[in-house]
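Generate coordinates for the entire structure from the input sequences, incorporating the hints supplied.
So the sequence lines, in the order shown, correspond to chains A and B.
Residue 86 in this note's numbering sits at position 86 of the first sequence, with consecutive numbering throughout.
Residue 34 in this note's numbering sits at position 34 of the second sequence, with consecutive numbering throughout.
Take these hints with a grain of salt, some might be off.
[As the list claims (entries may be wrong)] Under 7 Å between C-beta atoms, here's a sample of chain A residues computed to sit facing chain B: (1) V54; (2) A56; (3) F71; (4) T103.
The hints are simulated quantities; they were obtained by calculation from the structure and are not laboratory data.
On a predicted model such as this, the values are computed, not experimentally measured, just so you know.
A virtual CB, placed ideally from N, CA and C, is assigned to each residue, including glycine.
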Amino acid sequence: MILSEDKTMSEHNHHEHHVSSAGQLWAIGIALTLLTILTVGLSYVEIPAPFDVVVALTVAFGKAFLVCAFFMNLYWDTKFNTMLLIGAFAFFILMVAVTLLDTLYRNDVVPSF
Amino acid sequence: MSNHSQAHPAHLQHHFVDSDQQFDAAKMGMWVFIVNEILFFGGLFCAYIVFRAWHPDLFTQAATELNTVWGAVNTLVLIGSSLTVAMAIRSAQKNQIKGLQINLLITIALACVFLLIKYFEYSHKLHIGIWPGAELYTYEGIDHPLAHVFFSIYYVMTGIHAIHIIVGIGLMIWIYIRAKKNEFGSEYYTPVEMVGLYWHLVDVIWIFLFPLLYLIE
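Here it is, written out as structure tokens:
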């Protein structure tokens, strides 16, 4: 696989920054385009209530993964930067969870909201 | 041990051992900024989740007013601009300064196309009375008493995203001017890489905004 070859090369020579090939970058761009077409197509399919959001978000996370790993170079980068990204997402989940513990269990929703 | 008898490259700040350390420090700083951006938009996504959990019917009804085709076109425009910004960094890494400049110009052009489409979307909505806030909202095409709440969320989320696009255009013009002055090359391209990271982040946020706002009817 092209990607793993590149990785071992960059590990051998620590001070060389990773340079993606033009083909690699185009492949990621085309994959993102296809996933966009897929998610638009799926929005016209009748999927029952909670699963339509699950499907749309799964595709969105797939696209976000491609951008973060191969456009933002996290795949070749120090793991610390990946940890920062995962940490940000973990704290976002925490923020949403704690907020929902309030808003989902109110007896009276604030009027006019 | 750093070798002080060796001449330092012009870009190297005196408190770094070498260019690699400076590059890695800058990149980590940029990722910490991205953490801040994720949590900043996270607050807005949190509001979206709270209101959608309260009024699921509102979101599916009101989203029909958003044009899926233009949303999808804008998604592809941003993906294209992410590709060209990645190509710009690759050009800098390979000392192809002309390629760096051309890719930056294409990225700026695509960012402007995004804003133009957003302008047409906004002006159409404002024209038919879809304004943010209960006082200003006059559109009667959506049979829901809280229709204005959805569009307040829509305007704030896409508006702050659009401000990020405008900032990104400014940053890329700055990088373009510096590239024209021949300041970047394979030895030093840190600002190009950092603006690239910022631009990809703006793309990632839109990757989530698009299905959550446009694709839920």
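Checked against the structure, which of the hints given earlier come out wrong?
1
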